[in-house]
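Each chain is listed here by its residues.
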Amino acid sequence: MYKSLSLSSMPCKAMLQPTARITRQDSENFVDYRTKVARNPTMERLQRNYLFPEISAREAEHMEKYPNAKVISLGIGDTTQPLPDVVASSMANYAHNLSTLTGYRGYGAEQGCKELRKAIAETFYKDMGIQDKEVFVSDGAQCDISRLQAYVDSSVIIGQTGDVENESGRYRNIEYMKCGPHNGFFPNLSKAVRTDIIFFCSPNNPTGHAASREQLERLVRFAQENGSIIVYDSAYAFYITDGSPRSIYEIPGAEKVAIEVSSFSKIAGFTGVRLGWTVVPEQLLYANGFPVINDFNRIVCTCFNGASRIAQAGGLASLSKEGYKAVISLVDYYKENAEILLETFESLGVRTYGGVNAPYLWVHFPGSNSWDVFNEILEKTHIITVPGSGFGPAGKDFIRVTAFGHRENILEASKRLRSLL
Amino acid sequence: MSAIHQNLSTAISSSASTFLGYNNLKNIKSSNVSLPGRISGVVKCVSSPSAEKTAYKTKVSRNENLAKLQAGYLFPEIARRRNAHMLKYPDAQVISLGIGDTTEPIPEVITSAMSKRSYALSTIDGYSGYGAEQGEKQLRAAIASTYYADLGIEEDDIFVSDGAKSDISRLQVLFGSNVTMAVQDPSYPAYVDSSVILGQTGQFQKEVEKHHIFLFSNNPTGYAASREQLTKLVQFAKENGSIIVYDSAYAMYVSDDSPRSIFEIPGAKEVALEVSSFSKYAGFTGVRLGWTAIPKELVYSDGFPVAKDFNRIVCTCFNGASNIAQAGGLACVSAEGIKAMHEVVGFYKENTAIIVDTFNSLGFKVYGGKNAPYVWVYFPGQSSWDVFARFLRRPMSLQLLEAVLDLVVKVSSGSVPLDTGKMFWKPVEDSSSCTSFCVRDWN
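Protein chains in written order, with full-length UniProt numbering: chain A, 1 to 421; chain B, 1 to 443.
Treat the hints with caution; some may be incorrect.
As the list claims (entries may be wrong) - Cβ-Cβ distance ranges computed for the label pairs, FRET-style:
no., chain 1, residue 1, chain 2, residue 2, range
1, A, T195, B, T123, 45 to 51 Å
2, A, N173, B, D257, 51 to 57 Å
3, B, N83, A, G227, 36 to 42 Å
4, A, E282, B, I78, 21 to 27 Å
5, A, G103, B, P90, 56 to 62 Å
6, A, T123, B, I95, 34 to 40 Å
7, B, S361, A, D85, 51 to 57 Å
FYI, nobody ran anything at the bench for these hints, they're computed from the structure. Everything numeric in this text was worked out from a predicted model, so none of it was measured. C-beta atoms are modelled at their ideal positions from N, C-alpha and C, and glycine is treated no differently.
Please model the complete structure; the sequences and the hints are all you need to start from.
Given below as structure tokens:
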């Protein structure tokens, strides 16, 4: 019998109840039955769980082991600060209006509501020639990346990658562009092999590096020379402090070679609300001249049914005059956190990157194994971080620390880390 | 003005295509140039239009699976035609009985829960960031106990989504391109289209392998399979080692004792998973919330549980349904919410009954409409797009239909007596003469 957790008696449940009951005997007749459908072989190539659920699991384990420890999570990049009032109330109002005749809305355009597409184009791509019809509103960058089939794990799932080479831990058909202190966290393009798609995140998760204008010009040129498509992830653009480009479309020619993916998650705290967007310029063409935007539109219409209208209302509010001011101060709050943590690690004499243009610090522990460092920090200070190798082989001696958190937790974490000395 | 210049000017001012091709330019260059100044002036004019013609292309090949799709996804096409029609006839009162979009407001008990959650997100204690990709625990448990009580489907078998449409594509990604797919004909277009996109179609296998994935629902025919039929389907799947993807988005519309869930059939847990949605129960078409139930007993040929891989997909390709929508979902499956959803469903079922009566009285063979909000009307010998266009093109008959609907309601409620002289509809073979017949007799 399955009792519902929080429900009282349900008089109408009879209408929903199936009219037959399954007896234990019925199910016992089919013990150990297997279908003849083969498991998707690409799923087998995935090495382990997706990184962040794995971190969550370790956090849960640790909390069980030390029930009295106050675990501070600087691991998963999850926002912690409440939404601005103007944004929350716009969503509350929108939800309320859905119960009125004049305010009710059914299916929305899969590409997003016109007003929001326009507001995104005007706010983020002013003077860059990006039109509202090139903006596709999503339920977040994570989903859009799969719709674009570009990232490592989703790439594995789609079958683009081939098998893993056991020694290096790299997938055979993926070109890994190493980014480290030796090359200023920007790949050496002169050594890079041509691929169809180049996935590029700036400001970078996990290294925190924001590519300079000159670097991005090189990247666009590289893409042009090779006829490649850049998928540019600008989810952290708002964290830029030093005037580095916020959009790939600041670089002339990018509209012919790049798609840009972004999100309200780290701007407006929408990690749970779910809202993002992807820009596909009309000038981006496949080898046969077919516009990429036509196919992306088809995917969006077939595999998706639009972001929640309530989330879209919130997105629109966050781009209003009042809302925009409020979300900027949210971002500033996390940036101040990053400053505090940067200072802390530097005082420990540990070489730390990032933290200036992104809410992530990339802390270097040369010669060590990142999972070991992760465990050591966890055991000694009860702070969750993320081992760098979870992001790729070049991360094996780094730890990623996130700046999302309540100020008091950041200060407490700082105190505990200093005690490591 | 010299003949050459005149010729060139005319060419520029007319369609650029013939003049601006590379060959033409070559011809001009190679001809005897007696006025080099003029020619270079012309070349200068030509340069920017020429750039348009030879637009930069990447070297990335288009995904050939997308090229296999015949046309646009069905419903945007319907919307496009509707909009074009409304532009053409700005005064016409177009009634949309096309896209299955809900129209009635969401019950207050549900929207107030969503408002409450929205406000809570602006407080320190009420704020939440990323949720579990599988959905909030409370909601998963409530869905399991509301729709699958006594069927052996538990909280952790439920994956909350942003709607059935997204889940269908995620399931296709899960199964990959090496599976064969069986669908009902006709069926909801997303099944076939997502299958094409994943590259499952157009793969001809040497041996006929029957390890299909079956996609099953009652949209668009409105027909709900009987217990006996579903038992046969489960049996068939069992014998062939196939998996059934059962779409139960309209289960709450079932009026008779047809099964509402595939899991009512013994043995279904070993061969089926079920997809559903709050769209058509609570008017959540724009709010976006649904779920997929995958029993633990459903395993691949190597014994690996399907749910485990689906969980991986959900964690990698998705980041959970909106927390506000989930708060609404939880209110949906509360006692008051279920009562309210039944009222909404009841309203649409009354609509369906009116439409069924109307088409019946017009002499058409009508299917569905009893267990789903869709009526499947038979027009033998006609192309359905032609019939669609005829309905759209004859504003007169659409107004007529509206008037008929109005009359049917009045007659059935007793406020207008039945006048058999006026209200006798003789069934006719050819539907085009049926239209004019209606007009003639209506007078």
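Okay, the hints, checked on the actual structure:
Taken as a hint, the range 45 to 51 Å holds for the pair T195(A) and T123(B), whose Cβ atoms sit roughly 46 Å apart. Roughly 53 Å separates the CB atoms of N173(A) and D257(B), a value that falls within the hinted 51 to 57 Å. N83(B) and G227(A) have their C-beta atoms about 37 Å apart, which keeps the hinted 36 to 42 Å range intact. About 25 Å separates the C-beta atoms of E282(A) and I78(B), a value consistent with the hinted range of 21 to 27 Å.
Hint check: G103(A) to P90(B), Cβ distance near 25 Å, so the stated range 56 to 62 Å is violated. Look at T123(A) against I95(B): about 38 Å separates their beta carbons, and that is inside 34 to 40 Å. At roughly 56 Å, the beta carbons of S361(B) and D85(A) sit within the given window of 51 to 57 Å.
Checked against the numbered hints above, the structure violates only hint 5.
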